[in-house]
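In case you want the letters, here they are:
2 protein chains.
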Amino acid sequence: MINSEIFDPQEINKAHERIRPYIHQTPVLTSQAIDKIAGCSIHFKCENFQKIGAFKMRGASNAILQLDKTKISAGVVTHSSGNHAQAVAKAAQLIGIPAYIVMPENAPKVKIAAVKDYGGIVSFCEATLVARETTSQKIIEDKTATFIHPYDNKDIIIGQATAAKELIEEVPQLESILCPVGGGGLLAGTILSAQFFSNNCKIYGTEPKGADDAYQSFKQRKLIPQISPNTIADGLLTSLGKINYEIIKDQVSDILLVNDREIKEAMRLIWERMKTIIEPSSAVPLAALLRNKALFKDQKVGIILSGGNVDLKKILSLL
Amino acid sequence: MINSEIFDPQEINKAHERIRPYIHQTPVLTSQAIDKIAGCSIHFKCENFQKIGAFKMRGASNAILQLDKTKISAGVVTHSSGNHAQAVAKAAQLIGIPAYIVMPENAPKVKIAAVKDYGGIVSFCEATLVARETTSQKIIEDKTATFIHPYDNKDIIIGQATAAKELIEEVPQLESILCPVGGGGLLAGTILSAQFFSNNCKIYGTEPKGADDAYQSFKQRKLIPQISPNTIADGLLTSLGKINYEIIKDQVSDILLVNDREIKEAMRLIWERMKTIIEPSSAVPLAALLRNKALFKDQKVGIILSGGNVDLKKILSLL
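Line by line, the protein sequences are chains A and B.
Just so you know, the first sequence maps onto residues 621 to 939 in this note's numbering.
Just so you know, the second sequence maps onto residues 621 to 939 in this note's numbering.
Derived from the structure by calculation, the hints contain no laboratory data.
There may be inaccurate statements among the hints.
Put simply, identical chains are the same to the list, so a pair is met inside one copy or across any two.
Claimed, not checked - Cut-off 20 Å, straight-line C-alpha distance, at most; resulting in silico cross-link-like pairs (EDC-like, lysine to aspartate or glutamate):
| # | residue 1 | residue 2 |
| --- | --- | --- |
| 1 | Lys-913 | Asp-874 |
| 2 | Lys-736 | Glu-892 |
| 3 | Lys-829 | Glu-790 |
| 4 | Lys-656 | Asp-737 |
| 5 | Lys-729 | Glu-892 |
| 6 | Lys-736 | Asp-655 |
| 7 | Lys-763 | Glu-753 |
| 8 | Lys-884 | Asp-931 |
| 9 | Lys-634 | Glu-789 |
| 10 | Lys-691 | Glu-790 |
| 11 | Lys-934 | Glu-892 |
| 12 | Lys-933 | Glu-885 |
| 13 | Lys-691 | Glu-746 |
Sequences are here, hints too, so could you generate the full structure?
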């Protein structure tokens with residue numbers, strides 16, 4: 621059980637009210653065609669329609685809004701080339717404070733442009749973790765800005781928990797929810813919401829074989845960092861966070877692995893049958909469900925489609 | 621004004637209740653990024669998430685459910701290679717009656733497969749209107765099945781009207797709604813719902829320049845058939861129907877034209893910013909709005925995204 625001094629349902633309720641003006645309540649979609657293939661009834665929570673195109677907007681806005689008044693006006697810092705960078709920039713823009721985003725100099729131009737478009741102040745550094753951290757530290761000192769970690773952060777986890785909370789409130793009696801696991805913020809948050817708001821709904825983490833540190837950590841009962849990840853699911857390359865691991869290790873029903881071919885097939889199915897654009901990481905839960913049909917047979921299942929930020933030309937060449 | 625003996629709000633209300641078990645109440649999405657570009661507040665009614673991927677499911681199920689008991693069990697017939705064929709097949713499948721679909725022998729394989737997947741019984745004919753009609757007529761006689769016209773049919777129009785009805789009920793005080801016009805079923809239905817359920821919401825038809833028969837008919841005050849259409853918006857090639865024209869000619873605020881380049885740009889914007897897959901025909905209203913920004917400045921606008929059935933690989937080459 622999670623230590624109730626650390627997390628309680630009221631915190632998630634309060635976070636939800638706090639961030640509501642800054643996020644979309646995303647729709648839940650269903651597809652009879654996919655249900656037929658899967659042999660169960662799936663409810664897709666479409667965080668690809670969230671602001672900035674991913675659930676990360678929930679955690680980033682909660683973490684920023686939690687800052688005390690003396691700190692918040694100096695702004696926030698993060699290092700990321702992914703959805704978290706866009707989320708911090710956008711949330712800071714809506715709240716009216718500066719966001720300093722440290723990005724590797726080889727980051728895709730489209731991602732740099734997106735961060736700038738949301739008002740982020742971009743600093744470039746070498747493409748190493750040390751360079752990212754050094755550059756971030758310098759900004760923290762120069763600007764007295766606050767660092768917002770992408771996932772290993774209690775306020776981020778609580779923010780991400782609101783996605784599953786909305787899904788559980790909209791679809792009663794879900795028996796299982798599947799979500800992808802990278803750093804673990806979404807999975808940890810989903811576990812908390814299921815514990816507090818559902819009727820014994822089971823939670824499954826789903827992960828690419830080419831970046832299986834959460835699976836290894838869960839099975840070996842110790843936190844194992846991700847080394848040299850290699851998968852099409854580019855949002856799930858990072859190592860599981862410590863706080864996240866503590867929540868996940870005793871609460872997740874299982875972590876299911878899939879390969880890149882299965883991810884591509886599930887992604888294509890969602891694009892074609894549901895008319896909705898998801899990034900490869902978002903296809904991992906459906907791929908895992910289709911690989912383990914017997915486990916979910918005839919169940920009422922929730923899947924969190926985590927995001928939809930893709931380079932269309934690049935991704936279509938994979939289909 | 622429309623003759624109230626032909627249409628009244630109760631008919632649309634009844635149709636809505638009748639078809640509700642057979643359709644999705646589709647979500648309404650918004651995009652701050654697109655609003656910023658457009659200079660107004662747009663509410664997108666996502667009929668691309670409708671069953672069979674298009675609004676046609678509404679009209680087809682209403683037309684079939686309206687048939688009397690002695691007729692319905694013999695089944696229904698239509699000739700189409702587009703979304704109407706899929707809608708008739710799917711609605712008939714759900715209701716449990718046969719659907720005979722006449723398709724040109726050169727129809728895309730993916731469309732033939734979709735109709736068969738929904739249980740449609742496909743007959744092939746030469747790719748001419750005469751061949752389609754002769755083949756359909758033979759089935760009508762052999763099977764005593766009922767022909768379901770794709771748009772020039774009162775029950776179809778009333779069914780399509782339920783899309784705008786849901787949009788108007790969900791988003792109060794819309795000032796304008798834009799929708800594409802091909803045969804005119806969606807536009808005529810939208811006009812009826814605006815008249816009966818909105819507070820003076822204006823309705824605009826939007827049409828590709830390469831298939832501008834509705835525009836020509838509206839401006840010249842007489843029904844002018846479409847000859848040799850040429851546009852990327854392959855759902856809008858057909859001629860405006862007679863019943864539809866009678867509703868549209870005095871009730872539509874205007875019909876706005878766009879070229880294929882504008883359609884492609886609007887389609888790309890919706891794919892990238894809204895993470896939702898639409899077919900080219902569905903991009904026509906946003907293209908028309910962006911071409912006529914002054915007309916909609918600061919307004920609360922509705923756009924009906926009519927469908928999302930595209931060949932992903934083919935569409936990629938257009939982006």
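Outcome of the hint check:
{"no.": "1", "hint": "Lys-913 / Asp-874", "verdict": "within (14 Å within a copy, 52 Å between copies)"}
{"no.": "2", "hint": "Lys-736 / Glu-892", "verdict": "between (32 Å within a copy, 17 Å between copies)"}
{"no.": "3", "hint": "Lys-829 / Glu-790", "verdict": "neither (32 Å within a copy, 43 Å between copies)"}
{"no.": "4", "hint": "Lys-656 / Asp-737", "verdict": "between (41 Å within a copy, 12 Å between copies)"}
{"no.": "5", "hint": "Lys-729 / Glu-892", "verdict": "between (28 Å within a copy, 15 Å between copies)"}
{"no.": "6", "hint": "Lys-736 / Asp-655", "verdict": "between (40 Å within a copy, 18 Å between copies)"}
{"no.": "7", "hint": "Lys-763 / Glu-753", "verdict": "within (15 Å within a copy, 74 Å between copies)"}
{"no.": "8", "hint": "Lys-884 / Asp-931", "verdict": "both (15 Å within a copy, 17 Å between copies)"}
{"no.": "9", "hint": "Lys-634 / Glu-789", "verdict": "within (16 Å within a copy, 30 Å between copies)"}
{"no.": "10", "hint": "Lys-691 / Glu-790", "verdict": "neither (36 Å within a copy, 40 Å between copies)"}
{"no.": "11", "hint": "Lys-934 / Glu-892", "verdict": "both (17 Å within a copy, 13 Å between copies)"}
{"no.": "12", "hint": "Lys-933 / Glu-885", "verdict": "both (17 Å within a copy, 15 Å between copies)"}
{"no.": "13", "hint": "Lys-691 / Glu-746", "verdict": "neither (28 Å within a copy, 73 Å between copies)"}
Of the numbered hints given earlier, the model fails hints 3, 10, 13; all others are met.
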